[in-house]
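A.B. asks: Chains as they are written, first to last, in our numbering: chain P, 1394 to 1555; chain L, 1394 to 1555.
Hints are not guaranteed to be accurate.
[Unchecked claim] Here are some of the chain L residues that sit facing chain P, going by a computed Cβ distance under 10 Å: (1) R1396; (2) L1399; (3) A1478; (4) L1490; (5) L1496; (6) E1500; (7) P1532.
Treat the hints as calculated values from the structure; they're not laboratory data. Note that CB positions come from ideal geometry on N, CA and C, so glycine has one too.
2 protein chains.
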Amino acid sequence: MERQTLMKPIGVINSPFNDLEKMPIQPKGAAGVLGKIVVDEEYVDGLSDLSGFSHIYLIYNFHQCQKINLKVIPFMDVVERGIFATRSPARPNHIGLSVVKLLEVKENIVTVEGIDVLNGTPLLDIKPYVARFDQVISPVDGWVTAVSEKDVAGKRSDRRFL
Amino acid sequence: MERQTLMKPIGVINSPFNDLEKMPIQPKGAAGVLGKIVVDEEYVDGLSDLSGFSHIYLIYNFHQCQKINLKVIPFMDVVERGIFATRSPARPNHIGLSVVKLLEVKENIVTVEGIDVLNGTPLLDIKPYVARFDQVISPVDGWVTAVSEKDVAGKRSDRRFL
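Using the sequences plus the hints, can you model the full thing?
C.D. replies: The structure is reproduced here in structure tokens:
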């Protein structure tokens, strides 16, 4: 089962963050930060009906991260964790996922709030956040449970995963 | 910005569904359905610490869907919607996303509940569901708001997106 898949970006995410240094590492740390997604013109019809949703998933490529580490020290922790138990970019396939607030869809431009990605990030997919599918009852947050509220909102990235 | 990315599966998702006909289309429709994910041996170290989380995201390839439709009639609706306002497989890059309940991590085998994918689906990534990052306050579900509770849990797929 070594089937590889070629993914082609459907657009680009523009954000105020041109450098990993000091970038918020989760949407919760990026309250009020606006992002502007430019979807390639050829896909504009696919954005119909999206504006009815309050939140969307962005699936993107951690394009500045080339390496793969199976164990990492996450920004919010001080000990090593398995990469699949973190949201770190240094993962196989370098796929990123963020849930953001949808503000506006105008032609091929999608404006969102709570953006936590680098300016110029290649976008692979947009999906609606559907509470009736996605909302989790009584989740348990593993090692993140021990992270302080201050760190969840306030921690910033650095260049460790470049 | 035409940088393409080559993605290599990190494992395979085994489910009871060998055919799209009658498969649940969301985890909410697959309550009690167990899936067994076989992660490639080379990535086993990346699974450390995952078992502390109650829920995980699976990101996978809709491998049986080759086509791309920018407008689709979703399984739960009767009118056309933009593909990015749906979770349909016929999307650019054919990336699937499910939030499932994590039951067990044992070496390279991850057992989950609420699986809504075809047997043999190539897995691209596992991420922890972290309520403190991902939980959405007061979501609005767009066109899905009008879908009945019965259809959210009970609708099954068919072969329309093959």
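A.B. asks: Checking each numbered hint in turn, tell me which of them this model violates, lowest number first.
C.D. replies: 5, 6
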